[in-house]
Every structure is written in C-alpha cells, then in structure tokens.
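Asker: Mapping to the working numbering: the sequence shown position 58 is 58, numbers consecutive.
No lab work stands behind these hints, which were simulated from the structure alone. Idealized CB from N, CA, C, for every residue including glycine. It cannot be assumed that every hint is accurate.
Okay, derived cross-link-like pairs now, DSBU-like style, lysine-lysine, Cα gap no bigger than 30 Å in a straight line [unchecked claim]:
(1) Lys-60 to Lys-76
(2) Lys-98 to Lys-40
(3) Lys-40 to Lys-76
(4) Lys-98 to Lys-76
(5) Lys-69 to Lys-40
(6) Lys-107 to Lys-60
(7) Lys-25 to Lys-98
(8) Lys-25 to Lys-76
(9) Lys-69 to Lys-98
(10) Lys-69 to Lys-25
(11) Lys-60 to Lys-98
(12) Lys-40 to Lys-104
(13) Lys-60 to Lys-40
(14) Lys-104 to Lys-76
(15) Lys-104 to Lys-60
(16) Lys-25 to Lys-60
(17) Lys-25 to Lys-104
(18) Lys-69 to Lys-104
(19) Lys-40 to Lys-107
(20) Lys-107 to Lys-25
(21) Lys-40 to Lys-25
(22) Lys-76 to Lys-107
Label pairs and their in silico Cβ distance ranges [said to hold, decoys possible]:
(23) Glu-32 to Lys-107: 40 to 48 Å
(24) Asp-9 to Asn-86: 33 to 41 Å
(25) Gln-66 to Asn-87: 19 to 27 Å
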Amino acid sequence: MKKTIYKRDDLGKIITKDIRTMHKKVRFRNREIEIDRIIKIGRDMDNEICILDDPLVSRKHALIEQEGKEFFITDKDSTNGTFLNNNPVPRDGRARIKSGDVIKIGKTCLEIV
C-alpha cells in the first residue's frame, strides 16, 4: 500500500529540504540558470553566464560547481576578484554557497536561488 506524503508533514519537510538542497539556480538579469555540475562565468562567449557589458569582468572570471549536495564558487584568478555576500573569495580558492547568497563579479550581481 502506498502512502501519500504531504509537504507539511514531518517526512514531507525532510524530503522537500533534500530536494531543494540538490538543485540550485543562479538568477542573472531576470533569467534563472540551473546549476548542473559546473557553470562558467566571464566575458568570453563560451561561458554559460557571459557578462559582456561589465569591463571589470575577466574573460574566465569564476566557476560555480556542484559537489554532491554542496555548491561552491571559485575565483579563477580574476583581475578584480569575486565577492560572496560582499566578502572576497580567495584567488584560486573557493567558498560554499547556499540559497539567498549574492555573488558579485565586477558590477554584476548574481543571486543563488
């Protein structure tokens, strides 16, 4: 016999939370891009998020990566740095990101949803 699981029940809350943590999106200029393993950000046209109109963005500026259930932002030795919630991400280092975080690359802000 199958049991119906409701989002408001305790089991439903646990399942919903697990699903939400497994899928994240980046909100960029009224678009939402699902993070699927790796998202490249920069001025080059081969990036998934291409920021052409911001002169402070490097050609290969940063990466967003998924590892299991966690997500990370990595600065790729950019000229002007990458910021997570107004804190600098170490050059060639990475920081864990979660829903509600804001990534600033040059003058451009990206929101994790």
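Asker: Hint by hint, note whether the structure agrees.
Answerer: Here is what the structure says about each hint:
no.: 1; hint: Lys-60 to Lys-76; verdict: holds (7 Å)
no.: 2; hint: Lys-98 to Lys-40; verdict: holds (17 Å)
no.: 3; hint: Lys-40 to Lys-76; verdict: holds (10 Å)
no.: 4; hint: Lys-98 to Lys-76; verdict: holds (20 Å)
no.: 5; hint: Lys-69 to Lys-40; verdict: holds (19 Å)
no.: 6; hint: Lys-107 to Lys-60; verdict: holds (16 Å)
no.: 7; hint: Lys-25 to Lys-98; verdict: holds (10 Å)
no.: 8; hint: Lys-25 to Lys-76; verdict: holds (20 Å)
no.: 9; hint: Lys-69 to Lys-98; verdict: holds (10 Å)
no.: 10; hint: Lys-69 to Lys-25; verdict: holds (13 Å)
no.: 11; hint: Lys-60 to Lys-98; verdict: holds (22 Å)
no.: 12; hint: Lys-40 to Lys-104; verdict: holds (14 Å)
no.: 13; hint: Lys-60 to Lys-40; verdict: holds (7 Å)
no.: 14; hint: Lys-104 to Lys-76; verdict: holds (14 Å)
no.: 15; hint: Lys-104 to Lys-60; verdict: holds (15 Å)
no.: 16; hint: Lys-25 to Lys-60; verdict: holds (20 Å)
no.: 17; hint: Lys-25 to Lys-104; verdict: holds (15 Å)
no.: 18; hint: Lys-69 to Lys-104; verdict: holds (23 Å)
no.: 19; hint: Lys-40 to Lys-107; verdict: holds (17 Å)
no.: 20; hint: Lys-107 to Lys-25; verdict: holds (20 Å)
no.: 21; hint: Lys-40 to Lys-25; verdict: holds (13 Å)
no.: 22; hint: Lys-76 to Lys-107; verdict: holds (17 Å)
no.: 23; hint: Glu-32 to Lys-107: 40 to 48 Å; verdict: violated (20 Å)
no.: 24; hint: Asp-9 to Asn-86: 33 to 41 Å; verdict: holds (38 Å)
no.: 25; hint: Gln-66 to Asn-87: 19 to 27 Å; verdict: holds (21 Å)
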